[in-house]
Amino acid sequence: MKTDLVGLAFLMFLATYPSRAIPLLSGQFERLSPRLLEYLRLVGPAVLAALAAKSTFVTDAQGPGAFHVGIEWLAVLACLLLVLWRRNLFVGLFAAVVLVAAARSAGLA
Amino acid sequence: MSVIVFAGAAQFAAVGFVSAGMPWPAIVLLTALLNARHLLYSAALRPWLSEISTVKRALMAHLLTDESFALTIAHFRRLARADVRGYWLAAIGSTFIPWNAATIIGILGASAIPDPSRLGLDVVFPAAMAGLTIGLISGRRELVAAGAAVVVAIATGLLVDTRIAVLAGGLIGPLAGLALPGPLPANIQPDNPAPMGRGTAHPDLGSSAGSSGAGEASR
Numbered sequence: 000m001k002t003d004l005v006g007l008a009f010l011m012f013l014a015t016y017p018s019r020a021i022p023l024l025s026g027q028f029e030r031l032s033p034r035l036l037e038y039l040r041l042v043g044p045a046v047l048a049a050l051a052a053k054s055t056f057v058t059d060a061q062g063p064g065a066f067h068v069g070i071e072w073l074a075v076l077a078c079l080l081l082v083l084w085r086r087n088l089f090v091g092l093f094a095a096v097v098l099v100a101a102a103r104s105a106g107l108a
Numbered sequence: 000m001s002v003i004v005f006a007g008a009a010q011f012a013a014v015g016f017v018s019a020g021m022p023w024p025a026i027v028l029l030t031a032l033l034n035a036r037h038l039l040y041s042a043a044l045r046p047w048l049s050e051i052s053t054v055k056r057a058l059m060a061h062l063l064t065d066e067s068f069a070l071t072i073a074h075f076r077r078l079a080r081a082d083v084r085g086y087w088l089a090a091i092g093s094t095f096i097p098w099n100a101a102t103i104i105g106i107l108g109a110s111a112i113p114d115p116s117r118l119g120l121d122v123v124f125p126a127a128m129a130g131l132t133i134g135l136i137s138g139r140r141e142l143v144a145a146g147a148a149v150v151v152a153i154a155t156g157l158l159v160d161t162r163i164a165v166l167a168g169g170l171i172g173p174l175a176g177l178a179l180p181g182p183l184p185a186n187i188q189p190d191n192p193a194p195m196g197r198g199t200a201h202p203d204l205g206s207s208a209g210s211s212g213a214g215e216a217s218r
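Protein sequences appear in the order of chains A and B.
In this text, residue positions in the first sequence follow numbering that gives the first Met the number 0: the first is 0, and each later residue adds one.
In this text, residue positions in the second sequence follow numbering that gives the first Met the number 0: the first is 0, and each later residue adds one.
Incorrect hints may have been included.
Derived CB-CB ranges, DEER-like [claimed, not checked]:
| hint | chain 1 | residue 1 | chain 2 | residue 2 | range |
| --- | --- | --- | --- | --- | --- |
| 1 | B | Val-54 | A | Phe-89 | 33 to 39 Å |
| 2 | A | Gly-62 | B | Val-54 | 27 to 33 Å |
| 3 | B | Leu-58 | A | Gly-106 | 22 to 28 Å |
| 4 | A | Phe-9 | B | Ser-116 | 26 to 32 Å |
| 5 | A | Gly-106 | B | Leu-28 | 40 to 46 Å |
| 6 | B | Val-2 | A | Phe-89 | 41 to 47 Å |
| 7 | A | Ala-108 | B | Gly-20 | 38 to 44 Å |
Calculated from the structure, these hints are not laboratory results.
Predicted model, so just to flag it, every value in this text is computed and none were measured.
The beta carbon of each residue, even a glycine, is placed where N, CA and C say it ideally should be.
Working from the sequences, and respecting the hints, build out all of it.
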């Protein structure tokens, strides 16, 4: 089993635990400005959306990437619509995977 | 990672970051940003749990996720008091154990799949990120922040560098959300927190904390 990412996992823990623990342990968190709190609240959806967009539309590269067009667009859209409709991520992921697998096995992607 | 980080979105994201060769400091920074929303969950639970020992609260904090928060805050509100056993049940029984069990199954089963892309498994990451985003959007500000992050991430990836695209989107997107007119949540803390064990009704915590349960679909 590879263990070279254990250090990264530990650093990720150090980056995660304070945000979970500081308000619960100190009670001083409410002193932050509402504007900063609102910014922090918006960071979550923004980072996730950026991740989804970059993975779907831009090819990986050292430097500027290229615009990617593919079946992944439809798959991610299908997942989005299903999650909106059913509020169930698993259903959306399953549909996305089936769509891509079917398109590739049919030679369409 | 599932045991010591125990943060689904950050773990999913880390898989993509590592495979893209992103340096560790950038991954750690993005992890901190991605999990900054836990500050709000933690602050929202604080009044309910203020009479519990510090050690217990420190342990509870590690198990605080979108799902455990959503289940716990709904349970506390329904009871109109804190229920520590209910918290453990939500955090460990319905989240920690299933998440780690599924991780182990994934590790053991991965070697049986020679070419994940043939089965369409490579689309799981972007689809999961998109689906998780839906779970965190409960108003115009989140929608605008996410939309702006998409535009900034794509533009940065195409024009500047793919390795900083997510960071740029994640940092600039929320500024667009903040620029929307309308009042900010005045306070994340209730005026009159219910002490442990008493049946005092608990005031609503406002949109910042109350909306976060939408992430229930996220693990």
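Now the hints, each set against the structure:
1. B:Val-54 / A:Phe-89: 33 to 39 Å: holds, 35 Å
2. A:Gly-62 / B:Val-54: 27 to 33 Å: violated, 49 Å
3. B:Leu-58 / A:Gly-106: 22 to 28 Å: violated, 53 Å
4. A:Phe-9 / B:Ser-116: 26 to 32 Å: Holds, since Phe-9 (chain A) and Ser-116 (chain B) (Cβ atoms, about 30 Å apart) stay within the stated range.
5. A:Gly-106 / B:Leu-28: 40 to 46 Å: holds, 42 Å
6. B:Val-2 / A:Phe-89: 41 to 47 Å: Violated - the Cβ-Cβ distance for Val-2 (chain B) and Phe-89 (chain A), about 22 Å, lies outside 41 to 47 Å.
7. A:Ala-108 / B:Gly-20: 38 to 44 Å: violated, 25 Å
Checked against the numbered hints above, the structure breaks hints 2, 3, 6, 7 and satisfies the rest.
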